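S.K.: Sequence:
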Amino acid sequence: MKYVTTFILILVLAGCAKSYPPLPTVAEVDVQRYLGTWYEIARYEHFFEEGCSNVTATYTLREDEQIDVLNSCNKEGELTTAHGVAYSTDSSFSKLKVSFFRPFYGDYQILMLGDNYEYAVIGEPSREYFWILSRTKKLPQTTLDMILTKMSSLGYDSRKLIWTPHE
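Take the sequence shown: its letter number 12 is residue 12 in our numbering, and every next letter is one higher.
Honestly, the hints are just simulated from the structure, not real lab data. Keep in mind the model is a prediction, meaning the values are calculated, not measured. A portion of the hints provided could be inaccurate.
[Unchecked claim] In the BS3-like style, the derived pairs of lysine-lysine whose C-alpha atoms are separated by at most 25 Å in a straight line are:
1) Lys75 <-> Lys150
2) Lys150 <-> Lys97
3) Lys160 <-> Lys95
4) Lys150 <-> Lys137
5) Lys150 <-> Lys95
6) Lys150 <-> Lys138
7) Lys75 <-> Lys138
8) Lys160 <-> Lys137
9) Lys138 <-> Lys160
10) Lys97 <-> Lys160
11) Lys75 <-> Lys137
12) Lys150 <-> Lys160
[Said to hold, decoys possible] Restraint-style ranges between C-beta atoms, simulated for each label pair:
13) Glu50 <-> Lys137: 28 to 34 Å
14) Glu50 <-> Glu118: 36 to 42 Å
15) Ser92 <-> Ser152: 22 to 28 Å
16) Glu118 <-> Gly51: 26 to 32 Å
17) Ser19 <-> Thr136: 33 to 39 Å
18) Tyr117 <-> Glu50: 16 to 22 Å
19) Leu79 <-> Tyr117: 33 to 39 Å
20) Asp64 <-> Ser19: 16 to 22 Å
21) Trp163 <-> Glu118: 39 to 45 Å
22) Glu50 <-> Glu167: 16 to 22 Å
23) Asp115 <-> Gly51: 18 to 24 Å
24) Gln141 <-> Ser19: 35 to 41 Å
25) Asp30 <-> Leu154: 36 to 42 Å
26) Thr136 <-> Asp64: 19 to 25 Å
Here a beta-carbon is modelled for each residue, glycine too, at the ideal position from N, C-alpha and C.
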C-alpha cells in the first residue's frame, strides 16, 4: 500500500509541475471487454514496483460505473497487493483517473489496444510512467516490435523499459 500511495502522489505532483503535449489515446474502449486480469509485460521502473515479478492488474466494474483496481506483484517472495479505484474522464473510456490514495488521482491513458483486447499500452502525459499489458504472460515478438516503434513516436524511450518476469 505504501508504494501505491507514493506512486499516486508522484503522478499528481508531476502533473502539476509542467505542461506536456497531449498523448493520442485510442478512440474508444469497450469497458466490458477491458475488464478482467492483465499481465504486466514491461514498465518504466519506479521504486514502488522495484523488484516486482508476476505483476497483474485486475479491473472490475462497480455499480456506480467506477472501476475497482487490484494490482498485485510478487516482491521478495511475498504477494503484495494494492486496491484502487478508477473512473473515465470522458465517454471514450480511454482516459481515466486512478487513485490508490484518495483524494489523489493520477492519469491512466490507453494509448494502444489490440483489436481483440489482447494487449494494452498505458501512459500518462509527463511520459514518466509507461506499461505494456497483456491478457497472457507473453506477447508475440511482432506485437512487441510494433509497440516499441509506436512508443518512440509518442515520446517514450524503450531503453528505460523493465521487462517483467512471470513464472
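S.K.: Are the hints correct? Go through all of them and say.
M.R.: Now the hints, each set against the structure:
1. Our distance criterion of 25 Å between C-alpha atoms is broken by Lys75 and Lys150, whose separation comes to about 30 Å.
2. Annotation: proposed proximity of Lys150 to Lys97 holds, straight-line Cα distance about 23 Å (limit 25 Å).
3. For the hint pairing Lys160 with Lys95, the CA-to-CA distance comes to about 23 Å; that is within 25 Å, so the pair holds.
4. Pair hint Lys150 plus Lys137 holds up; C-alpha atoms about 21 Å apart against a cutoff of 25 Å.
5. With a CA separation close to 18 Å, the supplied pair Lys150 and Lys95 stays within the 25 Å bound.
6. Straight-line distance between C-alpha atoms of Lys150 and Lys138 comes to about 19 Å, which keeps the hinted pair within the 25 Å bound.
7. Distance check on the hinted pair: Lys75 and Lys138 sit about 20 Å apart at the alpha-carbon level, within 25 Å; holds.
8. A distance of roughly 20 Å separates the Cα atoms of Lys160 and Lys137; the hinted pair therefore holds under the 25 Å criterion.
9. Between Lys138 and Lys160, the direct Cα distance comes to roughly 19 Å. Compliance with the 25 Å bound is thereby established for this hinted pair.
10. Restraint check for Lys97 and Lys160: satisfied, since their Cα atoms lie roughly 24 Å apart, inside the 25 Å limit.
11. Our distance criterion of 25 Å between C-alpha atoms is met by Lys75 and Lys137, whose separation comes to about 17 Å.
12. Between Lys150 and Lys160 the CA atoms are separated by roughly 15 Å; this keeps the pair inside 25 Å, and the hint holds.
13. Here the CB-CB span from Glu50 to Lys137 is close to 20 Å, at odds with the stated 28 to 34 Å.
14. Roughly 28 Å separates the CB atoms of Glu50 and Glu118, a value that falls outside the hinted 36 to 42 Å.
15. For the pair Ser92 and Ser152, the supplied restraint of 22 to 28 Å holds, since their beta-carbon distance comes to about 24 Å.
16. The hinted range of 26 to 32 Å is satisfied by Glu118 and Gly51, whose Cβ atoms lie roughly 27 Å apart.
17. Look at Ser19 against Thr136: about 37 Å separates their beta carbons, and that is inside 33 to 39 Å.
18. As the Cβ distance of Tyr117 to Glu50 is approximately 29 Å, the hint placing it in 16 to 22 Å is violated.
19. The given range of 33 to 39 Å is broken by Leu79 and Tyr117, whose C-beta atoms sit roughly 26 Å from each other.
20. Between Asp64 and Ser19, the C-beta spacing of about 31 Å breaks the proposed range 16 to 22 Å.
21. A hinted range of 39 to 45 Å for the beta carbons of Trp163 and Glu118 is inconsistent with their spacing of about 18 Å.
22. Roughly 18 Å separates the CB atoms of Glu50 and Glu167, a value that falls within the hinted 16 to 22 Å.
23. Here the CB-CB span from Asp115 to Gly51 is close to 34 Å, at odds with the stated 18 to 24 Å.
24. Between Gln141 and Ser19 the Cβ separation comes to about 36 Å, which falls inside the hinted range of 35 to 41 Å.
25. Taken as a hint, the range 36 to 42 Å is violated for the pair Asp30 and Leu154, whose Cβ atoms sit roughly 23 Å apart.
26. A hinted range of 19 to 25 Å is violated for the C-beta pair Thr136 and Asp64, which are about 31 Å apart.
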